[in-house]
Amino acid sequence: MSIDFSQKTVLSTKELFRQADFDNILKCVHCGLCLDSCPTYRELGDEKDSPRGRLYLMRGLWEGELELEAAVIDPLSRCLDCRACESACPSGVPYGELLEKTRGIILENTQQSLKERILRFFLLRGLFRSTNLLITASWILKIYSASGLPKLITNTFFAKLLPQAFVFQQHLLPKCSGKSFKRKHADQILAPLSMENKQEGAAQIRKENLRVGMFSGCIMDVSEAAIHESTLTLLRHIGCEVVVPGNQSCCGALHVHSGDRKTAREFALKNIAAFENRHLDAIITNAAGCGAQLQEYHHLFTETNAGKQKDTRPAADWKKFENKVTDILEFLSAYPDLLANLPWSKDEDTVLYDAPCHLMHAQKVDENPRKLLNSLPGVKLVVLNESNWCCGSAGIYNLVQPELSAAVLNRKTASIRQTLAENPKASTIVTANPGCLYQIRAGIRSNNIDLRILHPVVYLAERLLLN
Amino acid sequence: MSFEKNIRGECVRILGAEWVKDDPVTLYTYRCDGLTLYTAPPMGVLFPGTVQELVSVVKLLHQHKISFIARGAGTGLSGGAIPQDGSVIIEMARFKEVHEVDMINRTITVGPGVINLRITEHVNGDGYHYAPDPSSQKACTIGGNVAENSGGPHTLKYGVTVNHVLGVEMVLADGELVTLGANHFGLPGPDLLGLITGSEGTFGIISKIICRLTPNPEKAVTMLGIYKSVRDACESVSSIIGHGIIPAALEMLDRIMISAVEKALKPGFPLDAEAVLIVELDGLSDGLDVEAEVVEKLLKETGAITVNRARDEVERAKIWRARKEAFGAIGQISPSYYVQDGVIPRSKLPEVLDEISAIGKKHGLTVANVFHAGDGNLHPLILYDYENPQEVEKAHAIGEEILSSCIRHGGTLSGEHGIGIEKAEWMSELYSGNSLDNMQNVRAFFNPENLLNPGKIFPQPGRCAESKSGTPPQQASALNKPKMVASKSGIAV
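Quick mapping for you: the protein sequence lines, in order, are chains Z and H.
Okay, so the first sequence: first residue is 9 according to my numbering, each after it adds one.
Okay, so the second sequence: first residue is 106 according to my numbering, each after it adds one.
What the hints contain is simulated information worked out from the structure, not anything from laboratory work.
One thing to keep in mind: the hints can contain errors.
Taking lysine-lysine pairs in the DSSO-like style, the calculated list, with each CA pair at most 30 Å apart, reads [stated by the list, open to error]:
1. Z:K327 x H:K324
2. H:K371 x Z:K332
3. H:K324 x Z:K332
4. H:K499 x Z:K372
5. Z:K379 x H:K324
6. H:K499 x Z:K379
7. H:K324 x Z:K328
8. Z:K327 x H:K368
9. H:K499 x Z:K327
10. H:K368 x Z:K372
11. H:K371 x Z:K328
12. H:K466 x H:K324
13. H:K324 x Z:K22
14. H:K324 x Z:K388
15. H:K499 x Z:K332
16. H:K371 x Z:K372
Here are the computed distance ranges between Cβ atoms for each label pair [to be verified]:
17. Z:R125 x H:P566: 50 to 60 Å
18. H:K371 x Z:D29: 23 to 33 Å
19. H:G388 x Z:K328: 48 to 58 Å
20. H:G294 x Z:T358: 28 to 38 Å
21. H:I351 x Z:K328: 54 to 64 Å
22. Z:E430 x H:Q157: 32 to 42 Å
Sample of chain H residues lacking proximity to chain Z, with all beta carbon distances greater than 10 Å (derived) [unchecked claim]:
23. D128
24. E196
25. E420
26. L470
27. H501
28. P553
These numbers were taken from a predicted model, which means no experiment stands behind them.
All residues carry an ideal CB built from backbone N, CA and C; glycine is no exception.
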């Protein structure tokens with residue numbers, strides 16, 4: 009009763025996978041402990057939309073039992089790549105890496121839908137590659153927002169007339185600045201800022217001469233300016249020297265998640281060149297997705313066919329680079345004494361915490377950010393029910409799989425409502441990834457939930473009493 | 106294989122097109138459960154969402170004499186949810202509803218698709234839990250638990266699923282909906298509920314379950330004994346039980362298992378130990394520390410090098426995660442494993458473990474052990490490479506010899522994983538032909554046409570002629586090679 013797929017390309021599919029350094033697929037022993045951690049499985053209840061089912065499909069491809077055809081690809085495309093299954097997995101299956109490699113093979117060897125091709129061409133290969141284009145797009149969106157059109161669409165009868173996905177996308181729009189953060193600060197050495205009254209701590213770190221680089225990303229570079237500015241302020245106030253390399257580029261995470269490993273490799277090489285030789289002690293990211301990507305650059309170069317791109321780097325270079333990449337919250341929490349020395353507001357406040365998937369499941373950063381926020385004077389941190397649950401943003405997933413993404417977001421908004429009902433005093437929800445920020449913000453707005461949403465660093469900076 | 110056109114049409118009429126699947130890729134992913142040794146695709150997969158829909162599809166399948174099988178999360182380890190002869194899979198994942206929590210009667214009524222751990226999470230705030238805690242509790246469904254009469258580490262003190270289910274609503278093979286039990290104890294007459302629990306889905310499809318809730322213990326002390334030999338650890342088990350102490354759990358991991366969980370989950374077990382024993386005591390705070398000291402003394406007397414206590418909930422959770430996810434952690438050190446579930450009298454632990462180790466050595470494969478020492482419920486994991494046919498052969502041979510050894514020492518085939526297809530042929534080694542005939546007569550009462558999960562528990566006619574004639578065990582095992590479709594994928598043979 010084996011499945012009768014066309015035999016003519018059996019070998020080639022198998023060979024494609026064999027070239028991709030895919031042996032870790034064997035780590036899956038089919039125990040199923042991942043099932044209930046998977047947002048799409050909980051939504052759909054179908055084995056092939058579970059991590060175990062998807063791994064079984066990948067294994068079928070790797071073994072040449074299955075072929076690259078729509079019925080096999082669809083469940084793999086429906087994966088959010090949130091990697092909650094990795095946290096649940098006792099065997100250490102590197103699910104994200106395997107899925108991303110599979111998507112790479114799918115992209116290079118199958119026909120994509122028109123919608124995907126358009127998104128890929130304009131967004132991934134066009135916009136994200138060019139800082140100038142990003143700045144222009146940011147300007148246009150800034151003007152668009154200022155025009156009041158998005159509000160008109162979401163707040164009036166238009167909301168009922170227009171397609172729901174389009175209305176929802178108005179909520180999703182980032183707050184664009186029209187300016188590039190990395191150009192503003194390019195290649196200067198931004199000196200530590202000491203607080204007048206509390207110089208000791210800052211002096212201490214300065215003795216160690218801690219110098220960090222800031223990763224500015226693509227969309228984040230031209231939008232939500234407060235996040236980067238707050239990061240910079242906090243770093244400088246605990247006594248770090250900060251460098252923002254001007255020649256850095258997008259991290260490539262969105263590309264990797266959708267299978268475009270070629271463009272991602274190009275970015276990886278650019279970024280490693282931009283940050284090395286600057287004598288940095290750490291490379292700071294404030295977008296969980298970017299951080300996870302930067303920490304996993306070497307995955308991109310393990311395929312034997314990856315060598316086509318001439319200048320790959322020795323593994324040691326990647327290791328050195330990746331080890332320096334640290335999320336801002338994880339970094340700050342290593343210096344509790346320095347933080348304690350800063351002048352914090354003592355106002356009482358209740359804050360809800362959401363754990364971005366790529367911080368928790370990919371970077372395995374979980375406890376420290378919560379501890380850090382909870383240690384602030386006057387702040388009561390409440391971890392969202394199902395805080396470790398994906399919000400459905402997942403890169404551009406909310407654009408290519410709007411229905412399933414909406415279902416996953418509904419679950420998130422429901423848990424926000426529930427947590428808020430249990431903690432009516434909460435004013436703010438924090439999440440440490442821009443994609444999640446946009447998505448949850450859209451969820452809150454379209455459901456009229458009375459909460460503001462911030463990146464945790466913005467919240468921290470807000471409570472810092474400067475001058 | 107897929108649905109015939111008219112059957113498909115009827116299913117779609119009942120469930121809607123979205124919930125009727127028979128495309129090759131769906132069938133491919135439903136061809137095995139937690140046991141990947143055997144694979145067989147179903148005819149199709151149905152996803153009913155209500156009891157009414159469930160009844161309707163069962164009636165339809167019954168009318169057309171198509172066999173069917175209920176499946177939850179597919180974490181079973183004896184192949185109970187692997188469809189034989191192209192049965193239709195009825196996926197119960199959508200029955201996720203918590204119907205009623207009754208704190209006065211200490212019961213919770215749930216749909217069979219509810220995950221075991223969710224029940225405890227649901228009532229934990231009120232100071233209660235659902236006691237049976239199979240290692241797969243974060244993924245397995247309560248419906249599957251009832252079907253397999255699942256156990257878990259804490260069943261040593263609290264009992265298995267059958268002790269914690271007060272009632273079920275069930276769809277019989279012909280679509281009749283019946284209710285057994287209620288939210289209280291003690292219904293007169295034969296214990297039908299006990300009969301249903303552990304019938305591996307061959308008596309009916311459960312659509313609602315009334316579970317008993319257990320108050321959380323006031324305090325728990327979790328200890329980790331570290332040993333230079335497995336035999337010493339076994340002696341400790343005997344010593345604790347011999348002193349009349351019933352720990353909440355008494356679990357053992359051997360050196361190979363320790364290395365796997367340390368690689369995967371880093372609970373902090375010493376890599377040079379030959380065995381670790383997890384002892385958990387729980388109950389009222391008063392007196393618990395005294396009991397813990399007694400246990401610690403007993404462990405040391407019987408050879409424990411050191412005894413550590415979990416200092417807080419975090420350490421305790423780490424130890425338990427390592428124990429509960431140990432099977433999965435094997436993926437770190439071996440591409441495939443085959444786990445047995447034999448039970449032996451506790452007193453025979455040292456002997457049988459020595460024998461298992463010798464059997465592995467004889468065949469040249471590694472056997473790792475992680476098991477419920479307090480119950481004498483062994484879980485030897487035979488490590489092999491699925492791509493090496495010789496090793497696959499050996500894994501089978503070792504499995505058979507281990508089971509023989511368990512039976513020889515007065516034990517049995519399965520403690521909690523069920524018989525499924527994996528050990529069906531072995532039933533004739535344990536029971537006489539007469540007993541098997543009688544058991545199948547009971548099944549025939551519920552399931553006269555053998556439409557419900559066929560091919561499970563009992564030896565298959567034709568494959569195992571001795572099921573009726575009572576052929577001696579030695580001969581039976583020679584005839585017992587599985588004749589399932591062998592797969593190239595998975596950890597399959």
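Each hint, compared with the structure:
1. The hinted pair formed by K327 of chain Z and K324 of chain H fails the criterion: a straight-line CA distance of about 46 Å is larger than 30 Å.
2. With a C-alpha separation of about 24 Å, the suggested pair K371 of chain H and K332 of chain Z falls inside the 30 Å cut-off, and the hint holds.
3. Distance restraint check for K324 of chain H and K332 of chain Z: the Cα-Cα separation of roughly 43 Å exceeds the 30 Å cut-off, and the hinted pair is therefore not satisfied.
4. Proposed proximity of K499 of chain H and K372 of chain Z is contradicted: the alpha carbons are some 39 Å apart, above 30 Å.
5. Restraint check for K379 of chain Z and K324 of chain H: satisfied, since their Cα atoms lie roughly 27 Å apart, inside the 30 Å limit.
6. With a C-alpha separation of about 51 Å, the suggested pairing of K499 of chain H with K379 of chain Z is violated against the 30 Å cut-off.
7. With a C-alpha separation of about 47 Å, the suggested pair K324 of chain H and K328 of chain Z falls outside the 30 Å cut-off, and the hint is violated.
8. Our distance criterion of 30 Å between C-alpha atoms is met by K327 of chain Z and K368 of chain H, whose separation comes to about 21 Å.
9. A threshold of 30 Å between alpha carbons decides the hint, and for K499 of chain H with K327 of chain Z the separation of about 41 Å lies outside it, so the pair is violated.
10. For the suggested pair K368 of chain H and K372 of chain Z, the alpha carbons sit about 16 Å apart, so the restraint of at most 30 Å is met.
11. Taking the CA atoms of K371 of chain H and K328 of chain Z, the gap is about 25 Å. The hint holds against a cut of 30 Å.
12. Proposed proximity of K466 of chain H and K324 of chain H is contradicted: the alpha carbons are some 43 Å apart, above 30 Å.
13. The suggested pairing of K324 of chain H with K22 of chain Z is violated, with an alpha-carbon distance near 54 Å, which exceeds 30 Å.
14. Our distance criterion of 30 Å between C-alpha atoms is met by K324 of chain H and K388 of chain Z, whose separation comes to about 28 Å.
15. With a C-alpha separation of about 47 Å, the suggested pairing of K499 of chain H with K332 of chain Z is violated against the 30 Å cut-off.
16. In summary, the hint linking K371 of chain H to K372 of chain Z is supported, as the alpha carbons are separated by about 14 Å, within the 30 Å threshold.
17. Distance hint check: the CB atoms of R125 of chain Z and P566 of chain H are about 57 Å apart, consistent with the given range 50 to 60 Å.
18. At roughly 25 Å, the beta-carbon separation of K371 of chain H and D29 of chain Z lies within the given 23 to 33 Å, and the hint holds.
19. Checking the proposed 48 to 58 Å range against G388 of chain H and K328 of chain Z shows it holds: the Cβ atoms sit about 53 Å from each other.
20. Distance hint check: the CB atoms of G294 of chain H and T358 of chain Z are about 56 Å apart, inconsistent with the given range 28 to 38 Å.
21. Between I351 of chain H and K328 of chain Z the beta carbons are some 55 Å apart, a value that agrees with the proposed interval 54 to 64 Å.
22. Here the CB-CB span from E430 of chain Z to Q157 of chain H is close to 35 Å, well matched to the stated 32 to 42 Å.
23. The non-interface label for D128 of chain H is inconsistent with chain Z: the shortest C-beta to C-beta separation is roughly 6 Å, within 10 Å.
24. For E196 of chain H, the requirement that its beta carbon stay farther than 10 Å from each beta carbon of chain Z is not met, with the minimum near 7 Å.
25. Interface exclusion of E420 of chain H from chain Z stands, the closest Cβ pair being 15 Å apart, more than 10 Å.
26. Every CB of chain Z is more than 10 Å from the CB of L470 of chain H (nearest about 16 Å), matching its label as outside the interface.
27. Against chain Z, the non-interface label of H501 of chain H holds: every CB pair exceeds 10 Å, the least being about 18 Å.
28. With a cut of 10 Å on Cβ distances, P553 of chain H stays outside the contact zone with chain Z, its closest approach being about 27 Å.
In summary, the structure is inconsistent with hints 1, 3, 4, 6, 7, 9, 12, 13, 15, 20, 23, 24 from the numbered list given earlier, while agreeing with the others.
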